[in-house]
Amino acid sequence: MASDDQIEEILSGIADAYPHLRVEQEVQDGTLTLAGPFPVRHENRDVDRFYVRMQVPLDFPQQWPVVWETAGRIPRIMDRHVYADSGSLCVMLPDEAYLALSPGITLLEYLNGPVQNYFLGQLCVEQGKPWPWGEHEHGLPAAIKFYGEFLALDDERAIIAVLYRVWEGRYKGHWPCPCRSGLITRKCHGHHMGQLRERIPESQLTNVLSRYAHAQDASK
Amino acid sequence: MTLTEYLNKVLESQALKEGSPERVRLRQHRVDVEKLLRVKFPDSSPTIKYGGSVAKNTLIKDAYDLDIICYFEHNDETPGESLADIYHNVNEALSTSYFVEPKRSSLRLKGKSDIDYLQDFHIDVVPGRYTDASRGDCYIHQAEGEKTRLKTNIDKHIEHIRDSGLTPIIRIMKLWNVQNGINLKTFGMELLVIEALKQHKSASLGDQFARMLTKLRDEAYSLSIEDPANPTGNDLTSLLDDGMRNRLMSTAAANLSQIEDGDLTVLFGDVVTAENAVPLASIISSVGDQGTRPWASE
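Going line by line, the protein sequences match chains Z and D. Letter by letter, the first sequence follows residues 1 to 220 in this note's numbering. Letter by letter, the second sequence follows residues 1001 to 1298 in this note's numbering.
One chain only, chain D, in its complex shape:
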């Protein structure tokens, strides 16, 4: 199997198709979240829509996150006078039905009930306020860091990624990022890929992957990325500190050796698709009396 064939199978195994249980759950949560927010802010008309990997067509099964943006009109102070107030009030609304984990600019939703306690729903709600009536740029609150607000443009981000012509390799690199514990912010990885491969959009997936790894191995300490929506105002250099650069370089180097050795399945493991999936019953019966029983304490 060639590298391209293998990576295409990896992508197939990572697809979250419409109608899949995960997509159905995400869709239902989106409906629930919108309902909560509209009830909380009856006098406002926030824009509530998908952002993130759903809008960018870069979903992967192993690390999918649904961004739901909730942007209020530029002159609407009903949801809160300041961005921090908006962030807090949206948190409050969501907390009626979810366990909310505050992040830097977003609110992560997890289960709150007896049957799904702290189960991660893979949803980040991003509250914000448009800068003006054009509904392009937006301010979002930053709960950490020196700046308390960030100016961004979700539509520009989505277009930059979705229309890059590189979404398959972006998905591969997202998976690479999470499987190898690199922990580079997804947005940072997306921008790195686009910057590295903008001249190689028509190359094969295997070629793109090898080029990407080569760049990370050989140029880790000179990589730079810019926010396409706010290149001067949003400094992304903190995403690529020395530790991160080192992880990118060392993991890329190891993987390139494995590719040269012809050891493809080490990259992303065996590929499980609907066609080659083994029924659980077969697996259970093969374990037989070696099976063990789980337990739980009080």
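Okay, chain Z solo, but in the shape it has when bound:
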């Protein structure tokens, strides 16, 4: 059962910054639902407005909010970074969010950062321009590519091998690095593995690895 303090902490600053975002539903299934107009801002002035609904998990930022655009302004297609089936928005690659965003990020900071950027991107696309800061590919390839960039690895098997060791939690500095560079872990990817171990929830790594395994099975 969520406490009032817990909810108040999550919603801290939201009412002032986004006065029309209202609590549509109190805690249900471990989430709080907010809905209303979401202004896209520049230097504290509104530039445009999208209407949204968002389910905020009470353990935010262990899990990320699920956001929907409710006025039907954005087509429900992957190229616009909207899940076709559920209609929810793909604000940011979850894995990147865990690494790039501060571990103690507040909901207000998340709205002011990734969510604002997402809608800024949509405004650009509406005007026929590309996504301003690039875009990830779709699905599992995006996650693998992201980890590859983070680990400076191109070989998919090496990437997965490193992720697997992080997930297992079984690695030591003097062991051979799982990327098979021939170096020991502490002189190779040890630091990165430590960061992943610290910042990426086990459930997220499980998600990536199991999807990879399924994809491998399917290709046989």
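Simulated from the structure, these hints should not be mistaken for laboratory data. Computed from a prediction, not measured in an experiment: that's the story for all the values here.
Heads up, simulated BS3-like pairs for lysine-lysine below, C-alpha to C-alpha not over 27 angstroms straight-line:
no., chain 1, residue 1, chain 2, residue 2
1, D, Lys1049, D, Lys1061
2, D, Lys1110, Z, Lys129
3, D, Lys1201, D, Lys1009
4, Z, Lys129, D, Lys1112
5, Z, Lys129, D, Lys1017
6, D, Lys1061, Z, Lys129
Take the given structure of chain Z and dock chain D to it, following the hints.
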């Protein structure tokens, strides 16, 4: 800035001018919808025309809906024997090109193709049949509720709203309705405004807005509205259930406090017009390397 000045700027920012991308798209969809219906019903001569906020001059950008009425002649059974049949057959015709979302009496059109899947086109098609040769009153199907048909008169509705002398404040209250998540049916809000302000048509916009909010705050539980086209036959009391009245009252009360505090931009946010719009490129460059990349799963 006075309340009236602020509200006038809000209205300006909500204008959907002729020639704007939204109006051009709406016009094209109207043409497409008419074509679909005339092909589907070649032996009928339905009246196909704008209803809703376009005809009433109450369009707002944040929540615009185009009503396209499709009324068949009173003695024409080609499109369907019953109103339900007509509703179904019109649905079928539109489904060839649109994703159709059935509503109580209308059919909402959304995208069906790979590039606009489920994008809301803000169009409701309302099928119906005239009651007689005068083409005044009309029956429309009701897919929900106790009654399966409703008698109405679109021209009377349009005239009542368009000629009320209150369309600017109606537009403001429509925006208020959607921004605050009140979710009162637009028609209900239009009638509330006309009833509340019929003696104050020459007042300033700010004065009208304050009067409207005061009425909602102080008299929420005694408000009533009537369908001008069918006051005895079309019961609108369900639009104002207790939950709705409470939302109207509490939101109005909060806004009146904000007005008294001089906090106008909290009402409808900053006003973005063509003159003060910031180029997107400037905004993007100001975000710089804090920009994030979106993603999508399979």
